[in-house]
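For chain D, the structure is supplied; the task is to place chain Z on it using the hints.
Chains as they are written, first to last, in numbering that gives the first Met the number 0: chain D, 0 to 251; chain Z, 0 to 58.
Any given hint could be a false lead.
Chain D regions said to be covered by chain Z (calculated; three or more residues, Cβ under 8 Å) [what the hints assert, rightly or not]:
(1) 22-31
(2) 136-149
Quick look at which bits of chain Z chain D covers, simulated, 3 or more residues with Cβ under 8 Å [what the hints assert, rightly or not]:
(3) 12-18
(4) 22-29
(5) 34-44
(6) 49-55
Hints listed in this document are in silico derivations from the structure and should not be mistaken for laboratory results. Glycine included, every Cβ here is placed at the ideal spot set by N, Cα and C.
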Amino acid sequence: MNIFRNAVFTAALAGLLAGIVMTFMQAGYTVPLILQAETFEGAAPAHSHAATAPEAAEPAADDHAAAGHSHDGEAWAPADGFERLAYTALANIVTGIGFALLLVAVSEAAGGIAGWRQGLIWGFAGFAVFTLAPGLGLPPELPAMQAAELAARQVWWVGTVVATAAGLALIAFRAAPLWALIGVVLIVAPHIVGAPQPVSHETPVPAELHHRFVVAVTITNLVFWLLLGVAVALVRKRFALAPSTRQQRSLA
Amino acid sequence: MTSASTTPGVAASTQSRVLQLSLAGVLGLFIVGFMGFSHVEAVHNAGHDYRHSMAFPCH
Numbered sequence: 000m001n002i003f004r005n006a007v008f009t010a011a012l013a014g015l016l017a018g019i020v021m022t023f024m025q026a027g028y029t030v031p032l033i034l035q036a037e038t039f040e041g042a043a044p045a046h047s048h049a050a051t052a053p054e055a056a057e058p059a060a061d062d063h064a065a066a067g068h069s070h071d072g073e074a075w076a077p078a079d080g081f082e083r084l085a086y087t088a089l090a091n092i093v094t095g096i097g098f099a100l101l102l103v104a105v106s107e108a109a110g111g112i113a114g115w116r117q118g119l120i121w122g123f124a125g126f127a128v129f130t131l132a133p134g135l136g137l138p139p140e141l142p143a144m145q146a147a148e149l150a151a152r153q154v155w156w157v158g159t160v161v162a163t164a165a166g167l168a169l170i171a172f173r174a175a176p177l178w179a180l181i182g183v184v185l186i187v188a189p190h191i192v193g194a195p196q197p198v199s200h201e202t203p204v205p206a207e208l209h210h211r212f213v214v215a216v217t218i219t220n221l222v223f224w225l226l227l228g229v230a231v232a233l234v235r236k237r238f239a240l241a242p243s244t245r246q247q248r249s250l251a
Numbered sequence: 000m001t002s003a004s005t006t007p008g009v010a011a012s013t014q015s016r017v018l019q020l021s022l023a024g025v026l027g028l029f030i031v032g033f034m035g036f037s038h039v040e041a042v043h044n045a046g047h048d049y050r051h052s053m054a055f056p057c058h
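Only chain D is shown next, with the shape it has when bound in the complex (with noise of 0.2 Å):
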């Protein structure tokens, strides 16, 4: 299982680092806005979505609940201040560790990361696959805002990753020109059927708010899947990832 161990080890320090990096850039770019938002919807300090309140509900923050989501007021959260940004930096670790298992994964079934430029090539295919994509059909949302069912947006969402990794796999790896035209239609397809849309978009967040958020999560997204790749790319050469160096040197 030396493989999986390295293939671990690897994602977990470029995780790890990735992680850390997006936490100090949501802190300073994206979470100040999704701050601002909340006050929008009336927020309880325990960030009850209209569930408390009702006085200060709007018949926006209304609808929102009647859709489908109304977080119970006496769920736990984090409070405030420094125990919610130790849970998201918690989050973004983890994830970042997710994302890079995946990364290593395919990166090395398709023969390694070589080196740090390949490294931003895959980043950016990465953040290409899970942040461009679905970020177009179903862009970055504020709290308060109107969104469609949650099932659907997920299904819609997974769809559209999985799509486009296939469909930049076969630009990137097939030689015949019929493959690479079934991975762009692969890679248009979802936004064809379109993602699913709230009956609504009126929201009391401000235009000019959520479009300041949309360019914060797709730039802390690029930035992230490019640090990731080019972590992966560096860290893999000491856990002698790649088979031509796996025999010349048993521990790295």
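Chain Z only, in chain D's frame:
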């Protein structure tokens, strides 16, 4: 030894390599899926800002 070879030992190690990488990938899928899509209230609330910031379908 690095190029594709027909010797059984290398074929077996290639198979094992694919298996182990798949295992790593499935573990990654599980982690991302759990953090990004969990309907468990506490997980949802803990990762709230993260999920918004990663543009996961949240609420």
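Coverage of the region 49-55 of chain Z by chain D, judged on three or more residues with CB within 8 Å = Satisfied; 7 residues make the cut.
Closer than 8 Å, Cβ to Cβ, for at least three residues: run that test on the region 136-149 of chain D against chain Z and report holds or violated.
-> holds (count 8)
Between the region 22-31 of chain D and chain Z, see if three or more residues pass the 8 Å beta-carbon test, and mark the coverage as holds or violated.
-> holds (count 3)
Chain D covers the region 34-44 of chain Z, three or more CB atoms within 8 Å, holds or violated = holds (count 6)
Taking a Cβ-to-Cβ distance below 8 Å as contact, does the region 22-29 of chain Z have at least three residues touching chain D?
-> holds (count 7)
Per the coverage rule (Cβ-Cβ under 8 Å, at least three residues), is the region 12-18 of chain Z covered by chain D?
-> holds (count 3)
Hint violations for this structure: none, all hints satisfied.
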